[in-house]
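The listed protein sequences derive, respectively, from chains A and B.
Last residue of the first sequence: 321 (our numbering), numbering continuous.
Last residue of the second sequence: 321 (our numbering), numbering continuous.
Treat the hints as calculated values from the structure; they're not laboratory data.
You may find that some hints are simply not true.
[Said to hold, decoys possible] So the derived label-pair ranges between C-beta atoms look like this:
(1) B:ALA80 - A:ALA80: 39 to 49 Å
(2) B:THR110 - A:ALA107: 26 to 36 Å
(3) A:PRO25 - B:ALA80: 24 to 34 Å
(4) B:PRO62 - A:GLY123: 30 to 40 Å
(5) A:ALA157 - B:ALA187: 51 to 61 Å
(6) A:GLY231 - B:PRO62: 54 to 64 Å
(7) A:ILE297 - B:THR110: 51 to 61 Å
Every residue, glycine too, gets a C-beta built ideally from N, C-alpha and C.
Protein chains: 2
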Amino acid sequence: MILALAGGVGGAKLAAGLQAALKAPAELLTVVNTGDDFEHLGLRISPDLDTVTYTLSGRANPETGWGLAGETWHFLDALAALGGEDWFRLGDRDLATHVERTRRLRAGETLSRVTSDLSRRLGVPSRIAPMCDERVRTVVETDGGDLPFQEYFVRRACEPAVRGLRFEGAASARMSTAFASALADPALEAVVVCPSNPYLSVDPILAIPGVRGSLVRCAAPVVAVSPIVGGRALKGPAAKIMEELGVEASAAAVADRYRDLLDGFVLDETDRALAGAIESAGAGGRVRVRVRVERTIMHTGEDRTRLAARVLEFARTLREG
Amino acid sequence: MILALAGGVGGAKLAAGLQAALKAPAELLTVVNTGDDFEHLGLRISPDLDTVTYTLSGRANPETGWGLAGETWHFLDALAALGGEDWFRLGDRDLATHVERTRRLRAGETLSRVTSDLSRRLGVPSRIAPMCDERVRTVVETDGGDLPFQEYFVRRACEPAVRGLRFEGAASARMSTAFASALADPALEAVVVCPSNPYLSVDPILAIPGVRGSLVRCAAPVVAVSPIVGGRALKGPAAKIMEELGVEASAAAVADRYRDLLDGFVLDETDRALAGAIESAGAGGRVRVRVRVERTIMHTGEDRTRLAARVLEFARTLREG
């Protein structure tokens, strides 16, 4: 059993690689951030769950990383003509996911149930679960005041300077059943923290009570793949946010952030020079975190599978010794 | 001022003709049945309002009469793939109308306000109003029990035999402001009961308290155009329902149904032979309802405008005579 923790595009890519690298894809559970979820036009939208689901079903738009390949925008164009809110891009096919999710949630089903059902319908061979079934909402604290996540991320295009983040509802949320079971499963072989934004995508998952402790205690190695390469985020505002929060935008800073729960850290070749410092940092120079250098940039499906296979192999090494 | 009462496709066609025939289209108010409205997939759907709005904006699908021309179905196909309910055909562009209407109604706006705004956005030069702002729901009483309207009309394709109809909520509804104002307006020149289904489309409007009395009392002539031609409905189940209710499916039976409020009745050429009987029926043979014979079948935009012009001219005769 492999447990992957993921946010949006970058995380989904590695999750797709893990799914492809495993002989039995059903052994993979990808647990996804839902702090970005929001209500829009009366619909319950779960952007990261959808990105992961579409990517693992092979339907993601390869150009954007989010949304569906070959999508059309007739609904949104018509909505704009009616004076409706068109700042959040909802494609015609994508809309079906939101409408059906909303209908089922209103009918009393859990987000876990809806997620697993929709992903099965779309032909995903591995398992996907939300981090929790309760409502958690990421609030971005900026110079201009608090912003709901999508307001910051899409409407304001990550422009306001971030001063802090909080995850409303996280303290009273509970890990989803699949998530908690995986963490407690003796068959768990590795936890992979995907190359997602540490602040926006992984922190909300870690904010659910019990997650951090379970990761620290679990017998399986916890391996993170750096989303920062050469001081830059491959996608999204991770580097910008780190700088705004007074943290150096580097793979080393990401390793530090996860240090208490990490066994292994995967660094891009570009950052090879940081490996020694990351391994010997903390605990008076004693090696606490093993570092592996890989080509982490995933352009093709082959890149994903190769990186995933290397991460799994690294975890095996850590497990054995 | 001209007031038209309409349901779906047939009514919308004559309303479009009236709009085209009038020098100042803003003088036309089309009041539309909302008994067919329903909630579906969390959306508030008003099929007759949309048919009238799309027709009067020149955007209706000319093949079906309902929906938008050049519509695409990517949303619905995707919904079907997710196992969602796809029995009610929602096109990608049409969906924007429902999403925006639902959003605005939830925000507390009236259906009248939303309707007039959306129709203006779509470029409709005349005015459109719902019969009322309250929720009225047509229930079809059948051999197999009560059916919500769309369940009967779309899902069951009008197959169950109708034993009766009721309009839940009608007794406590109030005419929409535009409707009540038009009926009380001394400038009202004619009321046109469009060739819509008398049972499913016009009766719900007549069931709103005060409507029937206002039509009987109003100084302007009330003229109906028969939706039954040669014993058949041009579209929809009107003839079938009349037979199931033990009423002869004929233009004469339609005239009888409206007799208490009618001044004029427009009959198709096919039914020319019924004119005398309709004029002399009731009141011991005294002429109560004037009959005009016209070509009422509207294939083209020209047909609509010509019929509308003849109806307006007929009303003028009745007013002056």
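Hint check:
For ALA80 of chain B paired with ALA80 of chain A, a C-beta distance near 26 Å fails the hint of 39 to 49 Å. Checking the proposed 26 to 36 Å range against THR110 of chain B and ALA107 of chain A shows it holds: the Cβ atoms sit about 28 Å from each other. Checked against the given bound of 24 to 34 Å, the beta carbons of PRO25 of chain A and ALA80 of chain B, roughly 25 Å apart, stay inside it. Against the hinted window of 30 to 40 Å, the Cβ-Cβ separation of PRO62 of chain B and GLY123 of chain A comes to about 38 Å, which satisfies the hint.
The supplied range of 51 to 61 Å is met by ALA157 of chain A and ALA187 of chain B, whose beta-carbon atoms lie about 53 Å from each other. For the hinted restraint 54 to 64 Å between GLY231 of chain A and PRO62 of chain B, the CB-CB distance of approximately 60 Å keeps it satisfied. In this structure, ILE297 of chain A and THR110 of chain B meet the distance hint of 51 to 61 Å, their C-beta atoms being roughly 55 Å apart.
Checked against the numbered hints above, the structure violates only hint 1.
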